[in-house]
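**Student:** Work the whole structure out from these sequences, hints included.
So the protein sequences, as listed, match chains W and S. For the first sequence, my numbering gives the first residue as 1, with consecutive numbering after it. For the second sequence, my numbering gives the first residue as 386, with consecutive numbering after it.
Errors might be hidden in some of the hints.
Unchecked claim - Derived contacts from chain W toward chain S, CB cut-off under 8 Å, selection only:
id	residue
1	Asp-16
2	Leu-49
3	Glu-52
4	Asp-111
5	Ala-254
Stated by the list, open to error - Which chain W residues stay away from chain S? Per the calculated CB distances, all over 12 Å, these:
id	residue
6	Ile-33
7	Glu-61
8	Asp-84
9	Asp-139
10	Asp-193
11	Arg-194
12	Asn-207
13	Leu-215
14	Ala-228
15	Val-285
16	Asp-296
17	Leu-382
Calculated from the structure, these hints are not laboratory results. The beta carbon of each residue, even a glycine, is placed where N, CA and C say it ideally should be.
Number of protein chains: 2
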Amino acid sequence: MKKNGNQALLPAGLQDLLMPAAAHEAEVVRRLIDCFSSEGYDRIKPPLLEFENALLSGAGETLSDQIFRLMDPSSHRMMGVRADITPQIARIAASRLQNAPRPLRLCYGGDVLQVTGSQLRPERQFTQVGGELIGVTEDAADAEVILAAVTALENVGVKDLSVDINLPTLVPAIAQELGIDKEAALELRVALDRKDAAEVEVLAGENGAYFLKLLNAAGTAQEVLDYAKGLEFKGIAKSEFDRLVNVVDLVTKAAPKLTITLDLVEHRGFEYHTGTSFIFFAKGVRGELGRGGRYDSVSVDNVTEPATGFTLFMDTVLRALPKPKIARRIFLPFATRREDGNALRAQGWVTISGLELVENDRAEALRLSCSHLIENGHIHELGNN
Amino acid sequence: MKKNGNQALLPAGLQDLLMPAAAHEAEVVRRLIDCFSSEGYDRIKPPLLEFENALLSGAGETLSDQIFRLMDPSSHRMMGVRADITPQIARIAASRLQNAPRPLRLCYGGDVLQVTGSQLRPERQFTQVGGELIGVTEDAADAEVILAAVTALENVGVKDLSVDINLPTLVPAIAQELGIDKEAALELRVALDRKDAAEVEVLAGENGAYFLKLLNAAGTAQEVLDYAKGLEFKGIAKSEFDRLVNVVDLVTKAAPKLTITLDLVEHRGFEYHTGTSFIFFAKGVRGELGRGGRYDSVSVDNVTEPATGFTLFMDTVLRALPKPKIARRIFLPFATRREDGNALRAQGWVTISGLELVENDRAEALRLSCSHLIENGHIHELGNN
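**Tutor:** Encoded structure:
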């Protein structure tokens with residue numbers, strides 16, 4: 001996936017995928033979705049464009065600045081190009097699929113557009129592939145979506161996968177338990193996210209020692225679970241933590257070789273999450289492969305259901321995979337019978353048909369990047385290719 | 386592909402594809418593109434959005450009214466959401482792929498948006514799948530794209546396929562040969578398109594008898610080729626017609642069972658075409674499955690190359706296919722081991738995992754539309770499903 005060589009032709013952050021990147025992306029998307037489908041996640045396809053308010057419902061609210069807006073000449077209402085697919089899934093779950101039995105398993109693969117790229121990620125068009133499990137409160141649901149994503153990523157060839165599991169509801173619950181007011185709790189959360197020990201100590205006041213201890217609750221799953229015994233969670237914090245422990249236990253049992261890390265204070269990017277959340281990484285690959293977690297699926301008309309799900313980011317996923325194999329290309333000299341070509345294609349060859357008589361079929365085959373050609377009815381490999 | 390049940394939630398002409406339609410569309414797109422790829426058409430993926438002028442180059446000019454426009458906050462230039470993918474292919478062929486050897490074979494599959502639907506076709510979002518063969522003048526190229534599309538459509542299961550081949554350059558060439566001025570020729574072409582014999586006779590004046598004869602040059606390939614002997618084409622008209630005959634001959638030889646019809650006066654929708662053009666139909670299916678033909682691939686910076694290609698319209702293609710088979714769904718009661726599910730999925734089952742202990746696994750399986758369940762390690766078929 002090289003960047004566009006001629007930037008002036010395309011707006012910043014938009015690019016053409018050429019060969020073989022475009023075919024590779026499509027193939028990987030298909031294999032991921034096949035995997036989700038086999039676990040009962042039914043594929044749906046919302047439109048690229050819909051009324052603005054629907055795109056801004058629930059977690060979509062955070063994307064308000066990122067939506068390209070358009071006036072619909074037919075309804076005179078404001079529309080937006082989707083910047084995320086999850087709010088569309090929530091709309092569909094609450095409308096056309098409101099009577100479908102719960103749990104409702106849905107998956108999708110498609111492109112989204114955002115108004116501005118970031119410095120780290122200049123792209124403005126992304127391919128998202130994801131799954132949502134809607135109408136569920138069980139810990140088994142959280143474990144299922146993590147395992148579904150892990151299985152699919154491993155299936156397409158991602159190596160050294162790890163999942164970082166977070167619990168964005170824990171710090172607010174502890175703060176509430178300790179009687180810290182909302183505003184102070186928010187500041188504290190930001191300092192914890194930054195891992196700024198000095199600031200945490202100042203903001204936490206009499207609870208400084210406790211929050212400093214909490215700050216270190218990050219590492220491998222086993223380390224953190226052992227360490228957390230000393231943190232003595234109470235009330236909601238305890239029940240939230242117990243759920244996390246249960247999810248980690250379910251995931252570990254099903255995928256004993258998976259690297260699981262925990263970070264009990266991480267909160268960034270999980271502002272709308274209501275429980276166990278997670279990010280996927282692959283060793284040596286820059287960026288997140290995907291992320292997800294528990295949330296409230298809120299539709300445009302405010303139907304709310306407990307849900308969990310994940311989104312994979314195809315640009316990072318493709319970076320984590322080996323380069324695609326190039327198919328063997330065989331040159332069919334001009335006037336080769338179509339049935340001969342069909343027979344080769346059925347065997348998996350990519351055929352390149354000559355459209356006119358040329359003096360030297362071998363030279364023509366090489367010029368067209370073929371590795372083989374048909375000569376007198378036989379397949380010949382081209383030497384200097 | 387049912388229409389949205391709750392129209393108020395989506396703008397007119399936009400719809401959600403649900404299960405199993407979305408999966409079916411994706412599967413058919415994949416199989417079509419696999420077919421084109423096997424004939425050397427490399428998949429590429431241009432972005433959904435680009436600068437307006439690039440979208441309006443060449444044949445894109447006719448779509449000016451159909452493009453949703455957006456201001457790019459980063460470049461302050463006007464962008465548009467693509468209403469057609471062909472102009473994007475022309476841009477790529479002339480820029481990043483300008484040094485790739487010709488003929489250049491490219492294919493694509495993706496969604497386009499149009500500002501207004503028509504009465505016949507209210508949709509504003511379409512899925513296009515197509516192929517372009519760029520840098521070619523040979524008749525074998527015209528035959529190849531027709532055959533590639535036919536093969537792919539038959540491969541995915543379209544029955545009773547026919548191709549209507551047209552030659553939009555013929556009438557202008559005859560008019561020029563007869564010394565009819567441009568404006569009169571244009572009026573005549575419109576009357577011919579409408580098959581309005583009375584009007585044709587009036588407009589053609591002294592050539593009335595000839596054009597009335599031409600008007601009847603439509604029917605099966607053999608009928609029209611026989612009939613055309615009496616039309617005695619001269620000059621450019623003759624050479625254009627000879628090319629058409631050659632293309633028909635090449636297609637007939639390669640696909641002797643294909644129904645081919647010809648219409649020598651049809652011109653509608655081929656305003657930008659420069660030679661043999663065609664439309665695909667399936668018996669009993671409303672609308673065109675796709676269309677294409679010879680054109681000049683004109684990039685935004687006016688690089689021009691002779692080309693031919695086709696676009697398939699997925700909504701019509703899917704209407705021409707039998708309903709997709711629904712995969713067998715098997716219910717895995719709560720706490721079924723993940724490896725047992727993996728084994729079933731590897732055999733092609735869709736598994737639905739129970740997320741909590743229920744009193745009656747069979748009832749739960751039926752509630753979740755499963756046809757089978759695992760009970761004591763064995764697969765049981767559910768009776769009343």
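**Student:** Indicate, hint by hint, whether the structure satisfies it.
**Tutor:** Tested hints:
The interface hint given for Asp-16 (chain W) is met, as the beta carbon of that residue sits about 5 Å from the closest beta carbon of chain S, less than 8 Å. Of the supplied interface hints, the one on Leu-49 (chain W) holds, with its beta-carbon coming within about 6 Å of a beta-carbon of chain S, less than 8 Å. Against a cut-off of 8 Å between C-beta atoms, the interface hint on Glu-52 (chain W) is violated, since the closest Cβ of chain S lies about 10 Å away. Because the smallest distance between the Cβ of Asp-111 (chain W) and any Cβ of chain S comes to about 6 Å, under 8 Å, the interface hint for this residue holds.
Evaluation of the Ala-254 (chain W) hint against chain S yields a held restraint, the C-beta minimum of about 4 Å falling below 8 Å. Distance to chain S contradicts Ile-33 (chain W) as a non-interface residue, since its nearest Cβ pair spans about 7 Å, not more than 12 Å. The Cβ of Glu-61 (chain W) lies farther than 12 Å from every Cβ of chain S, with a closest approach of about 18 Å, so its non-interface assignment holds. With a minimum CB-CB distance of about 15 Å to chain S, Asp-84 (chain W) clears the 12 Å threshold, and the non-interface call stands.
With a least beta-carbon separation of about 9 Å from chain S, Asp-139 (chain W) fails to lie farther than 12 Å from that chain, contradicting its non-interface assignment. The Cβ of Asp-193 (chain W) sits about 29 Å from the closest Cβ of chain S, beyond the 12 Å cut-off, so the non-interface label holds. Every Cβ of chain S is farther than 12 Å from the Cβ of Arg-194 (chain W); the closest lies at roughly 29 Å, confirming the non-interface assignment. Residue-level check passed: Asn-207 (chain W) sits 37 Å from the nearest beta carbon of chain S, beyond 12 Å.
In this structure Leu-215 (chain W) is separated from chain S by more than 12 Å, as the shortest Cβ-Cβ distance comes to about 34 Å. No beta-carbon of chain S is positioned within 12 Å of the beta-carbon of Ala-228 (chain W); the least distance is around 25 Å. Against the 12 Å criterion, Val-285 (chain W) stays outside the reach of chain S, whose nearest CB is about 22 Å from its own CB. In this structure Asp-296 (chain W) is separated from chain S by more than 12 Å, as the shortest Cβ-Cβ distance comes to about 18 Å.
Look at Leu-382 (chain W): its CB is around 15 Å from the nearest CB on chain S, clear of 12 Å, so calling it non-interface holds up.
The structure fails hints 3, 6 and 9 (numbered hints given earlier, in ascending order).
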